[in-house]
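Trainee: Since the structure of chain A is provided, determine the placement of chain B on it from the hints.
The primary structure of each chain is shown beneath.
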Amino acid sequence: DSGVTQTPKHLITATGQRVTLRCSPRSGDLSVYWYQQSLDQGLQFLIQYYNGEERAKGNILERFSAQQFPDLHSELNLSSLELGDSALYFCASSVEPWGGFNEQFFGPGTRLTVL
Amino acid sequence: AQSVTQLDSHVSVSEGTPVLLRCNYSSSYSPSLFWYVQHPNKGLQLLLKYTSAATLVKGINGFEAEFKKSETSFHLTKPSAHMSDAAEYFCVVSARSEAAGNKLTFGGGTRVLVKP
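Heads up: the sequence lines are chains A and B, in that order.
Per this note's numbering, the first sequence runs over residues 1 to 115.
Per this note's numbering, the second sequence runs over residues 1 to 116.
Simulated from the structure, these hints should not be mistaken for lab results.
In this text, all values refer to a predicted model and were calculated from it rather than measured experimentally.
Every residue gets a Cβ at the ideal spot worked out from N, C-alpha and C, and that includes glycine.
Incorrect hints may appear among the rest.
[Claimed, not checked] Here are a few chain A residues that face chain B, going by a calculated C-beta distance under 10 angstroms: (1) V4; (2) Q37; (3) Q48; (4) F90.
[As the list claims (entries may be wrong)] Quick list of in silico lysine-lysine cross-link-like pairs, DSSO-like style, CA-CA up to 30 angstroms: (5) B/K69 x B/K49; (6) A/K57 x B/K42; (7) B/K49 x A/K9; (8) A/K57 x B/K49; (9) B/K49 x B/K68; (10) B/K42 x A/K9; (11) B/K69 x A/K57.
Excised from the complex, chain A in its bound form:
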């Protein structure tokens, strides 16, 4: 158990809908990252927050957004969902925003299925 929690575990929804994925980082970690794992794209970095501020952006679509709250939990919002958004979404956390050997701890993921 990494100490990172994600809810829900599974989510099934329809095209055009909007969903929110939630992540709680390990105790003491200030940095939260979101990743998408799909069969065709592999594992891709989406976005990073550190202590409430956006820190780095990856291949995140404009239909997706995220935020980190004062209690450090984070939410990833996916809107106008398309079939291709079906994937496993991981959250990870680390102590610092960057720094060489600063490993990330991954949650169990949320599996999103768009029908």
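Mentor: Just chain B now, kept in the frame of chain A:
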């Protein structure tokens, strides 16, 4: 910019025989390197990380990796495979740069099958 290439998408070994998973990387910065493992329907678990203190890195469950800067490689090995090693393995690079943040770039993954 950084990238990771895992040279084998699938590796099949017999239980008790050595495992070799190959990884090459490129990075504009002095990189940090990691190997993560993902068991079916599970999250990612860190196996080991390169800290620049030693080129041969030992990880959990008997795995180790050797950093070779001249070859830009970070291959993962285990002397004797166990059935529980069947999983997908990811080689990962992280730029050690404040400008780049701490984003991880993943290789395509190597799926390991262990035969009894």
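Trainee: Which earlier hints turn out false for this structure, listed by number in ascending order?
Mentor: none
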